[in-house]
Amino acid sequence: MATSVEYGDRQVAGGGAGAPASTPAASRPPRPSRWRRVRRDPGAVGIFLGLIVISGIMLYPFGFMILNSLRTETQYLSGRGFSLASWQILFGSLPVGDELLNSMLICVGAIAIILCCASAAGFAFAKLGFRGQGLLFFGIIGCMMIPVQSIIIPEYVNLANVHLINNYLAPILVYAALGLPFATFLMTVFFRGLPEELVEAALCDGMGYIGLFWRVGVRMAAPAFATIAVLQFIQIWDDLLVALLLLQEPTNRTITVGLGVLSSGHEVSVPALMAGSLVSALPAILVYLFFQRYLVSGLTMGVNR
Amino acid sequence: MTDAEAGRGTLAEGRARHLTLRPHRASGLARARGRAGVLLTVPALVIVLVLLVLPIGQAAYYSMTNWDGLTAQWVGPQTYLDLFESQTFWRVLENNGLLLLALPVAVFIPLVIAAMLHEHVWGWKVFRSLIFLPTAISWVVIGIVAMQVFAANGSVNGLLGALGLKSLEINFLGFEYSALGAVAATFIWSMVGTNTIIFLTGMSTIDPAIYEAARLDGAGRVRTFRHITLPLLKRYFQFGFVITTITAFTALFSLIFIMTEGGPGYGTTTLEFFVYQQAFAIGAFGTGAMVGIVLLVLIFGVNLLQMRILRVRD
Chain E
997 MATSVEYGDR QVAGGGAGAP ASTPAASRPP RPSRWRRVRR DPGAVGIFLG LIVISGIMLY
1057 PFGFMILNSL RTETQYLSGR GFSLASWQIL FGSLPVGDEL LNSMLICVGA IAIILCCASA
1117 AGFAFAKLGF RGQGLLFFGI IGCMMIPVQS IIIPEYVNLA NVHLINNYLA PILVYAALGL
1177 PFATFLMTVF FRGLPEELVE AALCDGMGYI GLFWRVGVRM AAPAFATIAV LQFIQIWDDL
1237 LVALLLLQEP TNRTITVGLG VLSSGHEVSV PALMAGSLVS ALPAILVYLF FQRYLVSGLT
1297 MGVNR
Chain A
1161 MTDAEAGRGT LAEGRARHLT LRPHRASGLA RARGRAGVLL TVPALVIVLV LLVLPIGQAA
1221 YYSMTNWDGL TAQWVGPQTY LDLFESQTFW RVLENNGLLL LALPVAVFIP LVIAAMLHEH
1281 VWGWKVFRSL IFLPTAISWV VIGIVAMQVF AANGSVNGLL GALGLKSLEI NFLGFEYSAL
1341 GAVAATFIWS MVGTNTIIFL TGMSTIDPAI YEAARLDGAG RVRTFRHITL PLLKRYFQFG
1401 FVITTITAFT ALFSLIFIMT EGGPGYGTTT LEFFVYQQAF AIGAFGTGAM VGIVLLVLIF
1461 GVNLLQMRIL RVRD
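Taken in sequence, the protein lines are chains E and A.
Positions in the first sequence are counted from 1; adding 996 to them yields this note's numbering.
Positions in the second sequence are counted from 1; adding 1160 to them yields this note's numbering.
Just chain E, same shape as in the assembly:
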């Protein structure tokens, strides 16, 4: 599965974690020193410089946010001087702490539901044959195509009818449903990779099928769980529409919605908005920095669907 491969690196057959680290350097062809390679290949220097420029463009918004969050409105307009006033304005006009907690709660709830349901269904599709399985699999996977805008109106009315608007459960359930099809697909592919012998051995030990899923399947699925959790965390944390419609009290907003509403209200200065943007982006960036590899493997899983 893709999780074990470092993306972008050349995939050498038979290599990887299992290879002994103490391979004598002499067995490889001698590599020319970096500097010699550079001198022989001026194209590499051009590419290096080009990548610096591109990275600069990709990082520009981050620099813009950091720099301008440290200014007052007048300092922003003149482009001179620094101050921490905007951060004070932000914490005065936005219940940042509460909103971060709300976002976290909704992410954790939705991801928990997705992991439970997707791993169970994925295990059943991969290892437990039953009548109508193929059709069901296609049905659930096919729901990946449904854009949230196509369902959000009836969804909103349904949830209002059962009095769940402004209840955290509403966005948790909707995010779980939206994330479930792809997660089920990913778990199915993962469990298909588990050797059949493992299943038979567990059955011989007198484990039931449910026990097999719980004690063997779930224990081995950590990498797939991580991929799904990271992918979904960033998606849910960053979403505006669902949380905007389903949580309408200022006290139960997520950080992304709080920021969006603050921005469209045109009440606070640009620097305060920049400070808010940084706060809302930071958790997702941290998750990205620590779990980059899982995010990438989840993203590229779709290629083979």
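Think of the hints as simulated: they come from the structure by calculation, not from any bench.
Among the hints, erroneous ones may be present.
Ranges between beta-carbon positions, derived for each pair [what the hints assert, rightly or not]: (1) A:G1443 / E:L1278: 35 to 43 Å; (2) A:Y1240 / E:G1042: 49 to 57 Å; (3) A:D1242 / E:Q1244: 25 to 33 Å; (4) E:I1048 / A:N1313: 21 to 29 Å; (5) E:L1097 / A:L1392: 18 to 26 Å; (6) E:Q1244 / A:S1187: 54 to 62 Å.
Here are a few chain E residues that sit away from chain A, every Cβ distance over 12 Å (derived from the structure) [to be verified]: (7) L1066; (8) R1076; (9) I1085; (10) G1088; (11) S1089; (12) V1092; (13) G1093; (14) L1101; (15) K1123; (16) H1159; (17) Y1164; (18) E1193; (19) F1221; (20) P1246; (21) T1247; (22) L1278.
What the simulated footprint calls covered on chain A by chain E, stretch by stretch (three residues with Cβ under 8 Å from a Cβ of chain E suffice, anywhere in the stretch; the number is not a length) [as the list claims (entries may be wrong)]: (23) 1286-1294; (24) 1454-1461.
Think of the CB as a built atom: it goes at the ideal place given N, C-alpha and C, for glycine as much as any other residue.
On the provided structure of chain E, position chain A as indicated by the hints.
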């Protein structure tokens, strides 16, 4: 393994079950297996049915009514005919069409960046992380920054001024087509990370020996890229295109909400934003549901097209 193989797998199993000389009913073990399978699928199935399939059905039904969120009277397919005759709808669809023009750029730029990263020059892993970083931040944050970048006193106009193109300086978000251009440019920037990683992953699956052979034959960087890398990337190419199209049509709500709120006029209202506007700003829930169905059909079409292309090529 692909979905098709999965389907075939169960078919083969079914056939195998018929061929073995067993009494009519499957053995106890197989039955227990089937029961466990159904049991484990139920939670996922219930969630998908109640929260995805049911609303689609409701949207399809209510799209033919004059639903206001509380009461609905049946109108029939006439609602669709009325929609297709309304000028606003075509104006909105035009915006979706214009966004499609950004697709080749949103795929080509990452392709070049991925090719540069694939050269594995000094520090390429750091560059890779930096270029991919923006995928983690929300459209809301991107929109808030982009709004300042494209503002009358923003960086883009500053850059134009510095280049001596002061006559081109405008308030980008103040006019219909320039506002859409600004949204499209922001969209292209946002897709760089995702598409670059897709292509880079694709390139890493190409056998280095092929490159070695090309180098020995005296092929340069550009020729190698054109004649070896590109043809071998077909599958990743298509995936990138589909992801980009779907993003353009269904993921830009927050960006538009922050940057332009659909305006000026209908200048940046795309189908997905139109759904929100109709239902939650005007209260025309029925029309909103209908536009949502139109969007669903479009997305379905894009996916179908991709599958057909894949099947023909394989």
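**Prompt:** Of the hints stated earlier, which fail here?
**Reply:** 5, 15, 22
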